[in-house]
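Fit chain B to the known structure of chain A by using the hints.
Protein chains: 2
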Amino acid sequence: MKRRNILKAGIAGAAAGALAAPAIVGAAESFRWRMTTSFPPGLPFYQSGPGSAEWIVKSIDEATNGRLKIKLFAAGELVKWNGGFDAVTGGTVEMNSAVAYYWSGKVPALQYFGTVPFGMTFQGQNAWYYHGGGLELWNEIYNDFGVIGMPCGNSGVQMTGWFKKPVNSLADFKGLKMRIPGLGGKIYKSIGVNVKSLGGGDIFPALERGVIDAAEWVGPVQDRRLGLHKAAKYYYNTGWHEPSTTTELLINKKAFNALPKDIQAIVRHVAAAANIIAHTSAEALNGDALEDLVKNHGVKVLSLSTEVIEELRKKTAEILEAGAAADPVTRKVHDSFMSFKTKHDKWANTSSRQFAVRVRGG
Amino acid sequence: MKRRNILKAGIAGAAAGALAAPAIVGAAESFRWRMTTSFPPGLPFYQSGPGSAEWIVKSIDEATNGRLKIKLFAAGELVKWNGGFDAVTGGTVEMNSAVAYYWSGKVPALQYFGTVPFGMTFQGQNAWYYHGGGLELWNEIYNDFGVIGMPCGNSGVQMTGWFKKPVNSLADFKGLKMRIPGLGGKIYKSIGVNVKSLGGGDIFPALERGVIDAAEWVGPVQDRRLGLHKAAKYYYNTGWHEPSTTTELLINKKAFNALPKDIQAIVRHVAAAANIIAHTSAEALNGDALEDLVKNHGVKVLSLSTEVIEELRKKTAEILEAGAAADPVTRKVHDSFMSFKTKHDKWANTSSRQFAVRVRGG
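Protein chains in written order, with our numbering: chain A, 1 to 362; chain B, 1 to 362.
One chain only, chain A, in its complex shape (with noise of 0.2 Å):
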């Protein structure tokens, strides 16, 4: 759409002091747009707080003076906590945010987009989105669907979930009820464990009630809002199936297209901040929350053991390959992260992995 008011007001910018040049106005029109989310209301990170939808609302608002103005809605409250890429892509809703893999059913490559079991972290991933050409795989994907998609937030490396009893063996593996959805459930199964998938609010009843004996949720903030520490001591730590779970923000094609070019740009720039702001605090809530269960809930950390984890990582490999020789899109969008991340490693192995060894120990 063209911007149909340019409209010279040069009496503003004579008053406006020293520094102000001779003012133009802005683009004319203002929007109203709807948004939904996966999220209940007020969830930390994800819904309420620094980075999150709400403050994604609230910072458009701001940035565009309220020529954007959207309406926000909770999971549950316009659309179930799946449906908004349906409500996205059929125009209900102009912008929805979630996990890219909760689309993984309608196409198995957006699993990248959310995240990669033995993947890259926070800081490979989003080179690749940005400068790698992840962000415009993940586009050339949504193109069909009339969508676009960015990242706009990070839960970081997640805790790999809360155990009844200590795991350290793979034969501890066997049986086990746990709950863990998606691509992480699908690994777990093929070591043996018995997976479930169970909603939020059904983990802490059921890990309490021994309906399961393990269940893996987000990270130390997320996990405490659940009470899983009151059903669970211990907490295992390494994050292997969700190393930086990126949060999407899925926006109508046809609404973005609409927008004048520095609404579109303010849309992207807001996006881009609460990625960084909403993984920061993320970083600073869980230093917080993970110390406090372990001081007052008496919470156990522990590892995985080499032997589980290599096997985990066995599987992993299988399963991606598998994934990837059966649809020619996953197989691009894998062979670019695979390529992506083995140059990453090197960067990553020399700078951040030394200085977390060997200066930062712990």
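Worth flagging that the hints you see were computed from the coordinates, not collected in a lab. Please note: incorrect hints may appear among the correct ones.
It does not matter which identical chain is meant; a pair holds if it fits inside one copy or across any two.
Said to hold, decoys possible - Dumping the calculated SDA-like pairs for lysine to any residue here, alpha-carbon to alpha-carbon at most 20 Å:
#1 LYS69 / GLN264
#2 LYS346 / ARG358
#3 LYS58 / ARG32
#4 LYS343 / ASN296
#5 LYS346 / GLY298
#6 LYS343 / GLY361
#7 LYS261 / VAL57
#8 LYS300 / ASP345
#9 LYS300 / ARG358
#10 LYS174 / ASP144
#11 LYS58 / GLN264
#12 LYS346 / LEU293
#13 LYS174 / GLU54
#14 LYS314 / ARG358
#15 LYS165 / ILE191
Just chain B now, with coordinates in the frame of chain A:
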């Protein structure tokens, strides 16, 4: 400054299609600013390319629809590379991009808003800025100077530097002639290094001719540009001295306060977007550059020995503590930084370190 022109433009709104609500024209003023930087023309990452000063100026122009136009001057074009602080505080220009530790001669505590030896990496450093009180402290200091500071990029973990011969023990550092500025230089001096201060352009000839035995600059991309691999082959990592060097956007407060609120918001969002876009561009480019240096230029990547790292750690703690003891502002910033670091380290050691060591390997 209050906005002077809120014009209703119903016709444009009515023409804007089903998604558009009645329109309100944005703030009418426009502004012409000048921005200096500490960087030479075309310098990747800092001056040119994604997330750089050029990118920031262009992004602000687009997102404000030309209402804030900024004329950019590289180092030496309007003021010297280290003249940006005076230019912004004095009102010669409205904006500057540099690294805050360049001004630590004026206010020692500004070191902490550049990078801290043995400090935090990208995620922790930014979590401290955005969510741990860091940004507030930064601007508490700048308030007295009538300026505002914010992060707009990050080099990530820098390389320790280039050495003509391997350095295995502390003894190898005694009398070693090394180019390294700032706090890193002060710490090397304390272990007996003969520290040299040289501008970027003087490093290669000095290293090649053997006037110096070693040199620190930034990382693979920038170092290769200077040709340092042609003068020395041993490239050490761990980046103990600069784990997350923050690029600073410095803004004249009076000029910023004269902007309408929407443009202020845009400047802040573009700076935050630049922070992640620039940082991840370094992550992406360094992977390529390091591979090239090793494969095609016979560079050997090595790690400092534990003996050397531990002595540097001890000296760093002493020197930082002495700085804090000598100055109440530094004390306040130091304590905030270290207290946040202690908490964040616990999370980083559980999440990203475990992932780096156990999952990514290398």
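*Between the shortest in-copy and the shortest cross-copy C-alpha distance, which are at most 20 Å for LYS343 and GLY361: within, between, both, or neither?*
Answer is between: at 14 Å across copies they meet the 20 Å cutoff, but 25 Å inside does not.
_Within, between, both or neither: how does the pair LYS261, VAL57 come out at a Cα-Cα threshold of 20 Å?_
both (18 Å within a copy, 16 Å between copies)
_Copy assignment of LYS174 with ASP144, given that the CA separation must stay at most 20 Å_ = neither (42 Å within a copy, 64 Å between copies)
*Identical-chain pair category, LYS300 with ASP345, by Cα at 20 Å*: between (30 Å within a copy, 17 Å between copies)
*At 20 Å max between alpha carbons, let me know whether LYS343 reaches ASN296 within a copy, between copies, both or neither.*
between (42 Å within a copy, 15 Å between copies)
_At most 20 Å between CA atoms: does that hold for LYS346 and LEU293 within a copy, between copies, both, or neither?_
Only across copies: LYS346 and LEU293 sit 12 Å apart there, 35 Å inside one copy, limit 20 Å.
*Within, between, both or neither: LYS346, GLY298 at alpha-carbon 20 Å*: between (38 Å within a copy, 16 Å between copies)
_Cα distance capped at 20 Å. Does LYS174 pair with GLU54 within a copy, between copies, both, or neither?_
Answer is neither: 42 Å inside a copy and 56 Å across each miss the 20 Å cutoff.
_If the cut is 20 Å between Cα atoms, do LYS346 and ARG358 qualify within a copy, between copies, both or neither?_
So LYS346 and ARG358 pass the 20 Å test inside a copy (17 Å) and across (16 Å) alike.
_Intra- versus inter-subunit Cα pairing at 20 Å for LYS58 with GLN264_ = both (16 Å within a copy, 14 Å between copies)
*Indicate which option fits the pair LYS165, ILE191 if close means a Cα-Cα distance not exceeding 20 Å: within, between, both or neither.*
within (18 Å within a copy, 49 Å between copies)
*Under a CA distance limit of 20 Å, which applies to LYS314 and ARG358: within one copy, between copies, both, or neither?*
between (28 Å within a copy, 14 Å between copies)
The structure fails to meet hints 10, 13 from the earlier list, while all remaining hints are met.
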